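Novice: Here is how the chains run, residue by residue.
There are 2 protein chains.
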Amino acid sequence: MVTTEYQPLTPETLPDRLAEIPDIARQLGGEAHQWHCREVGDGNLNLVFIVEGATKTLIVKQALPYVRLVGESWPLPLKRSYFEYHALCRQQQRDPGRVPEVIHFDEPQALIAMEFFSPHVILRQSLINGARHQDLALHIGRFMARTLFRGSDLCLPAKERKADLQLFAGNVELCDITESLVFTEPYFDADQNRHTTPQLDSLVASLRADETLKLQVQHLKMDFCTRAETMLHGDLHTGSVMVHEDNARVIDPEFALYGPMGFDIGMYLSNLWMAACSQIGHANRPGERDEHRNWILDVANDTWTVFIQEFSRLWDTERLGILYPETVVGNRASASELALNHRLKTIWRDALGFAGVEMHRRILGLAHNAEFEDISDPDLRAQCESHALTLGRDLILGRAGFSNVDAVSRRFHQRLPAA
Amino acid sequence: MVTTEYQPLTPETLPDRLAEIPDIARQLGGEAHQWHCREVGDGNLNLVFIVEGATKTLIVKQALPYVRLVGESWPLPLKRSYFEYHALCRQQQRDPGRVPEVIHFDEPQALIAMEFFSPHVILRQSLINGARHQDLALHIGRFMARTLFRGSDLCLPAKERKADLQLFAGNVELCDITESLVFTEPYFDADQNRHTTPQLDSLVASLRADETLKLQVQHLKMDFCTRAETMLHGDLHTGSVMVHEDNARVIDPEFALYGPMGFDIGMYLSNLWMAACSQIGHANRPGERDEHRNWILDVANDTWTVFIQEFSRLWDTERLGILYPETVVGNRASASELALNHRLKTIWRDALGFAGVEMHRRILGLAHNAEFEDISDPDLRAQCESHALTLGRDLILGRAGFSNVDAVSRRFHQRLPAA
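These protein sequences, in sequence, are chains A and B.
With the working numbering applied, the first sequence corresponds to residues 1 to 419, in that order.
With the working numbering applied, the second sequence corresponds to residues 1 to 419, in that order.
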């Protein structure tokens, strides 16, 4: 860009601006006046353009200086695109091909031009539509294992890990969104909260009166704020995954931070479980979505299984960091095995706690999920939502007691509302 | 300083250099040629000068570009004085008067001119000498509560806490010393290790063969590396405390980092317990030091009690950060009380684990303690050291089971070698 002063772009102004960037012009091909731009941002924060050139189509994502969902009354720094750019670079390195390739990053314009995944759709919508994606668990389970392991002191040189900790500790305002909207506001009567009313009123009141629950959530919040274990995606829900047939890709890591490994896993599994909870709301006749719901539960199960396999493989082959060094715990001897199992158990317990919190905030807080919102009958929607709310409470309070995903699936079925 | 190129100073060159700094010259008073300088650094890392002027005496501490204890073969960045300066400023703010006042900081020269505590002596030496200091527990217990609470997300605005996290995450090389020398090398046959031999050989071999122990230590190391709860002193042992009569002061925070609250507490209590273990080695006749030993154990007890009191007071009056907000857990209602107790229990359990590790590394690793080293009879020294080693193992493995300091004192007495 010639100008360095930030200017939000429009489909009309974008082509001429992009034409000034040789890398982008070359990839798009042809002349700028032939490029077709449309704004497709349906997320909560940014402008997102699809730019179709003569030879290639690209995504151009530009941060706005405020929260798009709320408006200019909630300012949000442009610097989030800087964190997204750095997170994308690290994810690309740690799990090549799973995130969009960055073509160009313009820091003053808070703009990232990147690979367009086509004809991919957002996983959340695909799950609502009842579609299946065979390698979903494989792709996301491996992505989580690789990015979480390779960004930590288990693998990175300590100096590099500390430099990245410094870098991402600057992502203050986006962390604040998680700290407030996920861990705090849902648990009291905050202004921005909303829920399906009056159907959920009494359940919501009982959750907000449950001191044991609220205490556990605050312990989880402290874990989120202080346990800087690895670079997290930070917002890894089904709206941050794109799918086409058997292929899954991960987008939108602007919430990236150093935090506990279980957070990404918990948030992602939670969104699968909520998708499963919502299925009866999308059935045209009783039982129509039961099989799809069970498939989603299986995906959750398989994702965790893949995670364990890949994390264990990396533990054996790439444990080059300062933690659990071979000089002390050996390699795959009993001590190393015990250490690995201890870490996996901790990650799992944390993940379940974070999963429960994510369920609550998506139903009680500011940002809601389409799989529930799209259910037009409020009674039916409330039924699905209360299934998720109670499951969430069970996960938070009982997180040390669920030995695996099957145990969660069993609880899911026990809590299933009568048809 | 006129020159900005780093130059290590000597008692001969120091006065002329200090005369160039108005703040210092004014405090010292008189003419530079009248100032008396001597180098007194008996620590492991730096040059330390006492500069006596006409009206006042100051300490001038200058970092060397290597580890003094080892020599030029072990380079260490000068930047550690930058971290010490920033830590001193924060400690001064969080517990006024407990650390030396900084008169002048010269970053290129890695030099801090600061208040001289006189006629204070190092606590470690005072405990060897058999002296008592009435308010020791009060001063250090409060110092720990105030600095640990006020540097955390319990109190600081989140943005400020993250900025400090960034700042201190740059203290890579000094963290590396702790990561390596405290948590790793003592547990295998590392080159720099030494211990009283042959008396301790079999005990040392059994500790290094104990996979359960080594695993727990690696879990503690992961806690140290990842749990960025607050700004720690980072090296709070009895050599970092100065005492005179009833007054105690804290010095040398160059190891400052964001880490788990229990680390400072554990390291400090551990050094008191080691001082207690060493007392029979300093007795001229059997039983001569029993009373002093029990006094030291009482100080450990009282320090933790003071810590709890002060931390609880701050919890009620200064919990202004994002953790455990009043909107969710109330204030001093049952949920807040439960939250506080949970945090204190976690800090205590962590502290005992870190205390055990500190005992091991001071007897098996590179840096040893004067209270053991000064015992000239190797059999007697080994007896004291094995008392500490076994107590350390008990603390690491049983850290969840000691309900308070009394329980540790009981274990101390059970493990006491026969006179």
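Please note: incorrect hints may appear among the correct ones.
Since the list can't tell identical chains apart, any single copy or any two copies may satisfy a pair.
[Said to hold, decoys possible] Okay, derived cross-link-like pairs now, SDA-like style, lysine to any residue, Cα gap no bigger than 20 Å in a straight line: (1) LYS159 x GLY170; (2) LYS345 x ILE308; (3) LYS345 x HIS195; (4) LYS79 x LEU69; (5) LYS79 x THR212; (6) LYS159 x PRO77; (7) LYS345 x TYR6; (8) LYS159 x ASP377; (9) LYS159 x GLU173.
Hints are computed from structural coordinates only; laboratory data are not their basis.
It should be emphasised that the depicted structure is a prediction, and the values quoted were computed from it without experimental measurement.
Novice: For every hint, state whether the structure bears it out.
Specialist: To see whether the hints hold, each was checked on the structure:
With identical chains, the CA atoms of LYS159 and GLY170 are at most 20 Å apart both within one copy (17 Å) and between copies (8 Å). Within a single copy, LYS345 and ILE308 get their C-alpha atoms as close as 10 Å, which meets the 20 Å cut-off; across copies the closest is 31 Å, which misses it. Neither within a single protomer nor between protomers do LYS345 and HIS195 lie at most 20 Å apart by alpha-carbon distance, with minima of 33 Å and 36 Å respectively. For the homomeric pair LYS79 and LEU69, the shortest alpha-carbon distance inside one copy (18 Å) is at most 20 Å, but the shortest distance between copies (44 Å) is not.
In this assembly of identical chains, the alpha carbons of LYS79 and THR212 never lie at most 20 Å apart, being 37 Å within a copy and 46 Å across copies at closest. Taking identical chains as interchangeable, the C-alpha atoms of LYS159 and PRO77 lie at most 20 Å apart only when they sit on different chains, with a minimum of 13 Å there against 28 Å within one chain. For the homomeric pair LYS345 and TYR6, neither the shortest alpha-carbon distance inside one copy (46 Å) nor that between copies (50 Å) is at most 20 Å. Taking the shortest Cα distances, LYS159 and ASP377 never come within 20 Å of each other, neither inside one copy (54 Å) nor across copies (43 Å).
Taking the closest pair of Cα atoms, LYS159 and GLU173 come within 20 Å of each other only across two copies (8 Å); inside a single copy the shortest separation is 25 Å, beyond that limit.
Violated hints, listed in ascending order, are 3, 5, 7 and 8; each of the other numbered hints is respected by the structure.
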